Amino acid sequence: MVQVLETITSAFNNIFSYKIRSFLTMFGIIIGIGAVITIVGIGNGVKAGIFDKLSSLNKNMFTISAINDSTVADDQEDNNKKDNDTNSDKYDSMNKNIIEQDYLTLDDSKDIEKLPGVKAVVSMSFSTGIVKLKDSSILNVNITAIDSNYNVLDNISTAYGRFINKADIDNFSRVAIISDDFSMDVFGKVNSVGEELEVETKESGVVNLTVIGVVDASDLSMFSLDYFDYGIVIPITTSGNIFLKGNNVDMFNILVKPGINSNNIIDKSCQILNLKYGKKDGYSIGTFSLKLKSINKMINSITAFVSFVAAISLFVGGVGVMNIMMVTVTERTVEIGIRKSLGSTSSLIQFQFLIESIIITIIGGILGIILGFISTKVLSNIINNISTDLKIVPSIQLSVIIGVFIISTLIGIIFGVAPARKAAKLDPVLALRFE
Amino acid sequence: MLEVKDLRKVYKNGSLEVEALKGVNFKVEEKEFVSIMGTSGSGKSTLMNILGCLDSVSYGEYILDGENVSGLSQKRLAEIRNKKIGFVFQSFNLLPKLTSIQNVELPMVYAGIGKSERRKVAEEALEKVGLAQRGKHKPNELSGGQRQRVAIARALVNKPAILLADEPTGNLDSRSSEEIMGIFQGLNREGVTIVMVTHEPDIAQHTKRTILFKDGNIVKDSIVEDQIIVGR
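Protein chains in written order, with numbering that gives the first Met the number 0: chain A, 0 to 434; chain B, 0 to 231.
If you are wondering where the hints come from, they were derived from the structure by calculation, not from laboratory data.
Here the structure is a predicted model, which is why all the values come from computation and not from measurement.
Hints are supplied without guarantee of correctness; some may be wrong.
Stated by the list, open to error - Interface residues of chain A toward chain B, partial, derived using beta-carbon atoms under 7 angstroms: (1) Val3; (2) Ile7; (3) Ala10; (4) Glu330; (5) Glu334; (6) Leu341; (7) Ser343; (8) Thr344; (9) Gln396; (10) Ser398; (11) Val428.
Every residue, glycine too, gets a C-beta built ideally from N, C-alpha and C.
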């Protein structure tokens, strides 16, 4: 016991009497551990930030989008051809139907809205158009078409003017809502209510839309940001008119009443659509948890990759420790000889050098944790200053700190064993004669 | 106290075998003060390493304090070095980072003695060699003679059965050498058994018995007739 305590004390003395060398030795560990802590802290912060944004959305909402690319239609055709020939007439007419009926329609939305448990169905369509900015540059912008009940999903208050209402829908009004920054770029002012917005479309040539409302982009939720930020939002019927979609829409946002299992509603909605179009799996379903899952998956894979890089840095750091310890053993050959001649056992010598490398990596780990905390703080501040729509709330769990502590200890052991064994194996006679 | 029987040591250097000791026999009784002499390559250093349990025996027996040392485990040998042998080296071999008192304490650390007792015994040992005031000095703040006295204090703290000194005056001027020999003689009078390697006849003159080595054999084993006594 006395031997062990004294050995640890002397290991500390050795490390602190060569401060610069010890610091340089632990540098790789400091960087590696610091990187791990930063990645975890920022990763958690981004996750928390995104979750925060997402939780402002309706968790009891799901979307149905028509898969309207030709490959699905072709597949459908092929599959049907393989089917029973006796019914070929029926299938033929159905195929035709499917290809024509690539979209969901406003009538479908009414059918689904009638389902018990459904609170509202909000139809949306997506197109693009070209707008000329004030500085004469030409810009392709997204045009989102919404129903007047959009506010059920996200209650948007306009900074100037009003929101799209039922009358706009019924009258196919050529009106638009834009964001303040877009308004600034097009009209040179924030409040452009009443101005005419000229949009060039593929389907209908140049179209004039009257601005009826302007929204503050920094006030938008994550859900509405996609549609309203630097885009044009128009009534769904107007969109059908301009973009020649008629009654067809791209997506339903279906809001389920509280306490109702949305999976049931998803099944029933699909049944309605399948019955109507005989088209199985022709729709893609989006839910809150699916969205969250895919974001988590993305962040986790980024974290995994960067952690892998950090692990390499830790490995290199460990090799650095081993290298210096090897040199130290050589330098202290005479000391080892003296200690052995005074009665130190080989195992105690081994322990002495092992504990030195463990102390170095543990101190490196602690400094790395401190560095990680600082860089997490600094980085998240920088990111928060740059990005307006995502607030990072960095957090580092205690378990990560404990884990990192264990990892640095393990590095000390793994990379300290070889030098320590080298020291222990030294022949005292040769060691004492070493110059 | 110490006995070697037909002691042989063979060094292998590749296919070349060098016999450093060619069957040596002698005995050292308790309270003796023996000098081992010989030119370099005579085998005296090899003998010293074996007597100090730092090196193993190729053939023959080495009995120290009633225990046959040849063939013991490394761990037991470390214990013997710690408890039964006190080393004094030509180049002092103090640990440069430790103070005098810490250097003197070191063998007691390996013996597992607690801090307060270590300090007490180390202070006494330093006082014995006349360095009570130098406990907090590091080796580089001491003269050669003082360093060697610290080393002697260190060699004594575990009350070894035998003190082994390998050219203890080899790095010292003649005044310091006299001082060191005076300390050895004092210790010997108090009952410490000392075996010392030297190649200087006038240093050997301070001991009571001289064993002369040549080419790995004892060529002469004689009582010192006109011993030089320091300080009396």
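Quick rundown of the hints versus the structure:
Look at A/Val3: its Cβ only gets to about 10 angstroms from chain B, farther than 7 angstroms, so that hint breaks. The restraint placing A/Ile7 at the interface with chain B is violated, with a minimum CB-CB distance near 12 angstroms, outside the 7 angstroms limit. With a cut of 7 angstroms, the hint placing A/Ala10 at the interface with chain B is violated, because the nearest CB-to-CB distance is about 12 angstroms. The criterion of a C-beta within 7 angstroms of any C-beta in chain B is not met by A/Glu330, whose closest approach is roughly 12 angstroms, and the hint is violated.
Taking 7 angstroms as the C-beta contact cut-off toward chain B, the hint placing A/Glu334 at the interface holds, the least distance being around 6 angstroms. A distance limit of 7 angstroms between C-beta atoms decides the matter here; for A/Leu341 the minimum to chain B is near 5 angstroms, and the interface restraint holds. A cut of 7 angstroms between beta carbons decides the hint on A/Ser343: the least distance to chain B is about 5 angstroms, and the hint holds. Because the beta carbon of A/Thr344 sits about 4 angstroms from the nearest beta carbon in chain B, less than 7 angstroms, this interface hint is met.
A cut of 7 angstroms between beta carbons decides the hint on A/Gln396: the least distance to chain B is about 41 angstroms, and the hint is violated. Restraint check, A/Ser398 versus chain B: the minimum CB separation of about 38 angstroms is more than 7 angstroms; hint violated. Annotation: A/Val428 was flagged as interfacial toward chain B, and the flag holds, the nearest CB pair being 5 angstroms apart, inside 7 angstroms.
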